[in-house]
Structures are given as C-alpha cells and as structure tokens.
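Student: Protein chains in written order, with the numbering used here: chain B, 1 to 204; chain V, 1 to 249; chain Z, 1 to 215.
Hints are supplied without guarantee of correctness; some may be wrong.
What the hints assert, rightly or not - Calculated from the model, a selection of chain Z residues having no Cβ within reach of chain V, i.e. all distances over 10 Å:
#1 Ser28
#2 Ala177
#3 Gly181
Claimed, not checked - Calculated lysine to aspartate or glutamate pairs in the DMTMM-like style (CA-CA distance at most 25 Å, straight line):
#4 Lys52(B) / Asp71(Z)
#5 Lys129(B) / Asp71(Z)
#6 Lys52(B) / Asp70(B)
#7 Lys198(B) / Asp180(B)
#8 Lys52(B) / Asp215(Z)
Source of the hints: derived by calculation from the structure; they are not laboratory data.
Quick caveat: nothing in here was measured; it's all calculated off a predicted structure.
C-beta: ideal position from N, C-alpha, C; glycine also.
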Amino acid sequence: MLEAVDLECVRGDRRLFAGVGLTVAPGELLHVRGPNGSGKTTLLRMLCGLVKPVAGEVRWAGRPARELGDGFLALLTYVGHHNAIKDELTGPENLLVHARLCGAPDDAATLSAALERLGMKAYGRVPCKVLSAGQKRRTALARLLISRSPLWILDEPFNALDVGAVATLQQAIQGHLQRDGMVVLTTHQDVPIDGAVKTLHMGA
Amino acid sequence: MSSGGPNWFKYASPMAFYPLAGRLIPWFAVPAVVLTAIGLYMTFFVAPVDYRQGDAYRIMFIHVPAAWMSMWLYICMAVYAALGLVVRTRLSSMMAQAIAPTGAMFTFIALWTGAFWGKPMWGAWWVWDARLTSELILLFLYIGVMALRAAIDDTRRADRASGLLALVGVVNVPIIYYSVQWWNTLHQGASISMTAAPTMSRIMLWTLLVMTFAFWAHAFVTSLMRVRGIILERERHAEWVAEMVDETK
Amino acid sequence: MVRRDLTLVMRNRADVATILFFFVIVVSLFPLGVGPEMNILRTIAPGVVWVAALLASMLSLGRMFAADHADGTLEQLLVAPAPLALLVLGKVIAHWLASGVPLVLMAPLLGLQFGLPADGLAVLMVSLLLGTPVLSLVGAIGAALTLGVRGGGVLVSLLVLPLYIPVLIFGAGAVDATVSGLGGQAHLSILAAMLVLAGCFTPWATAAALRISLD
Chain B
1 MLEAVDLECV RGDRRLFAGV GLTVAPGELL HVRGPNGSGK TTLLRMLCGL VKPVAGEVRW
61 AGRPARELGD GFLALLTYVG HHNAIKDELT GPENLLVHAR LCGAPDDAAT LSAALERLGM
121 KAYGRVPCKV LSAGQKRRTA LARLLISRSP LWILDEPFNA LDVGAVATLQ QAIQGHLQRD
181 GMVVLTTHQD VPIDGAVKTL HMGA
Chain V
1 MSSGGPNWFK YASPMAFYPL AGRLIPWFAV PAVVLTAIGL YMTFFVAPVD YRQGDAYRIM
61 FIHVPAAWMS MWLYICMAVY AALGLVVRTR LSSMMAQAIA PTGAMFTFIA LWTGAFWGKP
121 MWGAWWVWDA RLTSELILLF LYIGVMALRA AIDDTRRADR ASGLLALVGV VNVPIIYYSV
181 QWWNTLHQGA SISMTAAPTM SRIMLWTLLV MTFAFWAHAF VTSLMRVRGI ILERERHAEW
241 VAEMVDETK
Chain Z
1 MVRRDLTLVM RNRADVATIL FFFVIVVSLF PLGVGPEMNI LRTIAPGVVW VAALLASMLS
61 LGRMFAADHA DGTLEQLLVA PAPLALLVLG KVIAHWLASG VPLVLMAPLL GLQFGLPADG
121 LAVLMVSLLL GTPVLSLVGA IGAALTLGVR GGGVLVSLLV LPLYIPVLIF GAGAVDATVS
181 GLGGQAHLSI LAAMLVLAGC FTPWATAAAL RISLD
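Looking at chain B on its own, in the form it has when it is part of the complex:
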C-alpha cells in the first residue's frame, strides 16, 4: 500500500502545497486533479522520490520509501510529463533500454507485442524523431505494458493520444487494477474506469 503523510513542497518563496496526505491500496486508482500550477506534477515526482518533500514522507507498506531505496523504485513505473524517448533510437530500442534498466522482461517478442498493442509495430525500424507527438507518447506508454511493478505513476498519460490509443490505455489500466495493481495519475479528463477510483483535489 502506498501512503503519503503531510507532504509539503516549497518552490523558491512560494509554498506550492502543504499537508497533502493520500493512500492507495491494491486495486485502487488515485486521480489527482487540480488547476494548472497546483503542484500535480510535483506531487507525482515526490511520490517517485525525485523531489524531496520539505516536510512529511512517502511510505510503502508502512515503511518510509526513502529507507527502502532501490527496493521501492523497483516497485514503480513512472511515465512523466516528458516521454523519455531518445530521438535517435527506434521504438523497440527505446523500450529495450528501459526494460534492461528496470529489470522488466526484455525479449524481443514481449517488446514487439507491447508496441503492437499500441499500434506502433509498423514503425519498428525508424528513429523516433520522425514520429508524431502522439506516436512518441504511445511508445513511452508501451513501458506500462511490459512493466511488472505494482505501482504505476502517470503524469497526463492521455495527452496527445487519439481515441483508439486512449481506449487501449484504459484497458491496460483496468487490467492492472484487476491484478491488484495501483495507479496514481493526473489528467484533466474524466477517467472512465470501473472500480475503486479515488480523487485528490489540489488547491490552486
């Protein structure tokens, strides 16, 4: 179970947010909402350990995530605002690097199956710089399909996706929740997903 207590974030002189607490149990999805600049992305980065909170802490199964270190990082897959796609590499190559890095299955069959599900199979041999924004986003999201980690942290995953890809991603999230996975995501759209969906509103 992911838990965060009393998180506080200060940027320069401004207090972005304070006293933010949340819990996500297996099979639950947490939808973080709020206007632009309310600190949604920062909160997600804080959950990943990329940003250190001024106060409060992130806990996994009751233990501080900072103590668990790499053990905690092995449990999460993060797809951030940026795609983390190298323009010079092809889609499968990008995915392979990620798989190696995270210890996910890295055989060619799994990788191409993941890309195929997102409709990116035809582009397997071209460098990513010729792809459109939506196609790059799909390639980035293919990481989720090969991930074995129980916690997904997604920053605006539906951005730039067309209707078909949105549906595929919804299915993937749904399936993940049914396998007792956990999802934390931000998006300005409504999330049409059945099951335990919680919402966290961030103030402006």
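Start from chain B and add chains V and Z according to the hints.
Tutor: The following block gives chains V and Z in isolation, referenced to the frame of chain B:
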C-alpha cells in the same frame, strides 16, 4: 538532549540565532579592532628586523594569518555545507553562504601580500609554485561556489548545489597545506609547528598570533553580520521578522 | 548504459568530429601565434596539447546530461531500481570513449607537428590516456550541478577548470620530464592515482548532484 546544560539545538533555528548573532557581534568586533591595532603596532615597531630578509618580511604578519584563515574558513564553509546537506538545518547553509565572501577576501589578501613579498625576495610578483597555484585554485573555488549559488534562483537548490561543490573542493585544502612538503618549491616551509621549538623569535611568534586572532575575530564579525542579513532576507515572510520590524517602527 | 550512449553517439557522429576538429584547430593556432621556431614549439608542445585537450573535453561536457535532462530520460534513470552512481559511471565511460579516446589517438600526430621526440609522443599518449578519463569524471560533477541553470555553459567552466588544473600540471609535466630526460614515471603514477580516486568517488558526487538538479 540531556536535561542539563543549555540547549544548543535551539540556536540551529534562524529565529533564535538572529538575536544571538546580534549579541555576539560586539564581542568579536571589539577584539577585532583592538587586536588589529596591537598587531599592526607590533608588526611595524616591535618586531625586530629580520637579519636575512630585512624589513620586507614584516608583510608576513598579514600574509601568513590571511593564508591560514583562507584555508580554515574554507573548511568551516565545507563543514557547514555538509551539515546543510545531511542534517538539512537551514542555518548551516546560511552560514556557509555567509562565510564564502570573507574566505575569498582572505584568499585574495594572502595572494596579494604574497606578491608584494615575492617581488623583493624572489624578484618576481608571481611564481608558478605549487603553493601559490593551489592557493589560486582555492580562490577560484570560492568564486565558483559563490557563482553557482548566484546562478540558481531556488534557494534550497542553490544551498545544496553550492554545498556539494564546496565539499568536492575540500580536496584542495590539504594539497595547499602540504604542498611545501610534497614538492620542493620556492615557497618556504612552515616556521611554526606544535611539536618542535619555533624557528623564529618569540616576539615574532606573538605578533603572528595576535594578528591571527585579530583576523579570526574579523571573520566572525563579518560572517555573523552577513548571516543576519541572509536570515532576514530568507525569512522575510516569517511572522517573527514582521513582528520585529513592527517593533522598530 | 554504455552501449546505449555509444549508439546515440554513433548516430550523431558529427558531434564527435566537431570536438576533434576543435582540438586540432586550437593546437594548430599556437605555431601561427608563436611562430614556427621549432625549439620553442617543442618546449611548449606538451602544455599546448594538454590545454587543448582540456578545453575540448570541457566543451563536450554540456552534452553529457543536457539531452537526457531535456527529454525526461534522466528522470527515468533516477527512478530506475539500479544504483545511480553506476549508471553515471556508464555515462561517463561512454562520454570518455566518444570524446577522450579520439583525442588520445589524434595527439601523437599533433605532437609530431611540434617536433616532439618518439619517447615524448609515447608518454604524451599515456598521460592523455590516464588523464582524459579523470577530466570526464570530474567534469561530470560540474555538468550535473549546472543542469538547467542559466548561463550553465560558462558556469561549468568556472566550476570545473580549477579542478582540472592538477590533471593538467601532471599530464603536461610527465611529457616535459620525459623530453628533458628526467623520466615521467612519477608524474604518470600520480595521474594513475588520480584516476583511481576519481573513479571511486566522483560517480557518487555526480549522482548526488543529479538528484539536487532534478529536485
């Protein structure tokens, strides 16, 4: 904390430290002025003429303490920076920030007075000797730490980034200190050590010590004054600062 | 990690060539400025080649993390369940293979232009071989600290050059000592020691710097 004795951690908060620093400043400012006056008097009128180096050696009484302080202050800055990084007390980073300009000034004085001494002694303003070069690197490091801090807007990130740089630069301090022993260069070795009898006359030693304490007190005064300014600037949104400003109105 | 970065480099070959040409041009400027007097050139050769190598290596530092920072890959490296210091080491090795090794290979040719004797050339190569990885390792700290900072390019030289000076002194010193017949053994040993120390400690410092910069 044990129950007995003052609670030192209390002063790790900027709010408690601000008035303490204010009370401490006169205690260092007076000795700084008095000792500098005594030290300069001893330098020019009491200390005897050196039989080998003539009158020019008198600049040593400024040069040596300044060089000591330049290294010592760097270590202090690095220790505060490390505390700021590990324990994350806000005051430590502020102290590190406050010490840097004073340290850079002493480094500059040491290099400058060294040049004045070098001209009559070595016949050159500057020699590419190991100690001179490494002291110059120290000056660059001070400048680098200050420049990195100035370039980053977010104070917390600036604290941590410049703190890390200060820590990396610590490698240089022992190099300066031992450079005279490691490399046989022009710069003379240390004339004072804790264990052996000093190779200089007693009065020269006293002059040197007086000047060192004077500089030390000076460093305290400038750093404390600067840290008070930094505290006010960073805590300007805090209630206690607002209250204090109201009182003085 | 090394393999990924090298593939990236291979697909951007022009960058490597630019750095290499920069190195060659800087070195070639000196005979034009100082005059074609062979004796003078021979004495300044080690220093000139080393300073040029220093500048070339520094010029390429910006690339080490900046692209990864911009496209979000760096975030992925930080949340990957692998020791960040090791990943950093991988990136530094790739950076060195792409920027340091070409310099090492090019150096004897330039030394020849300056009239260095054969043993001097050999020591020049060995000193660069030992020294340029130290430059990459130490430079990585500066590159990581200045990520996303305004005026980062100029700032990185201010931070990194003071730390490069010892490498320069012993690198050029080794060649000088060999040419003057004293033997560069001692200098090379110190360079090797620096390499070992830098290899052990700088990846941790760089990892810490990256965490600070991405906060």
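Student: With reference to the structure, classify each hint as holding or not holding.
Tutor: Now the hints, each set against the structure:
{"no.": "1", "hint": "Ser28", "in the structure": "25 Å, holds"}
{"no.": "2", "hint": "Ala177", "in the structure": "13 Å, holds"}
{"no.": "3", "hint": "Gly181", "in the structure": "19 Å, holds"}
{"no.": "4", "hint": "Lys52(B) / Asp71(Z)", "in the structure": "21 Å, holds"}
{"no.": "5", "hint": "Lys129(B) / Asp71(Z)", "in the structure": "12 Å, holds"}
{"no.": "6", "hint": "Lys52(B) / Asp70(B)", "in the structure": "16 Å, holds"}
{"no.": "7", "hint": "Lys198(B) / Asp180(B)", "in the structure": "15 Å, holds"}
{"no.": "8", "hint": "Lys52(B) / Asp215(Z)", "in the structure": "7 Å, holds"}
Hint violations for this structure: none, all hints satisfied.
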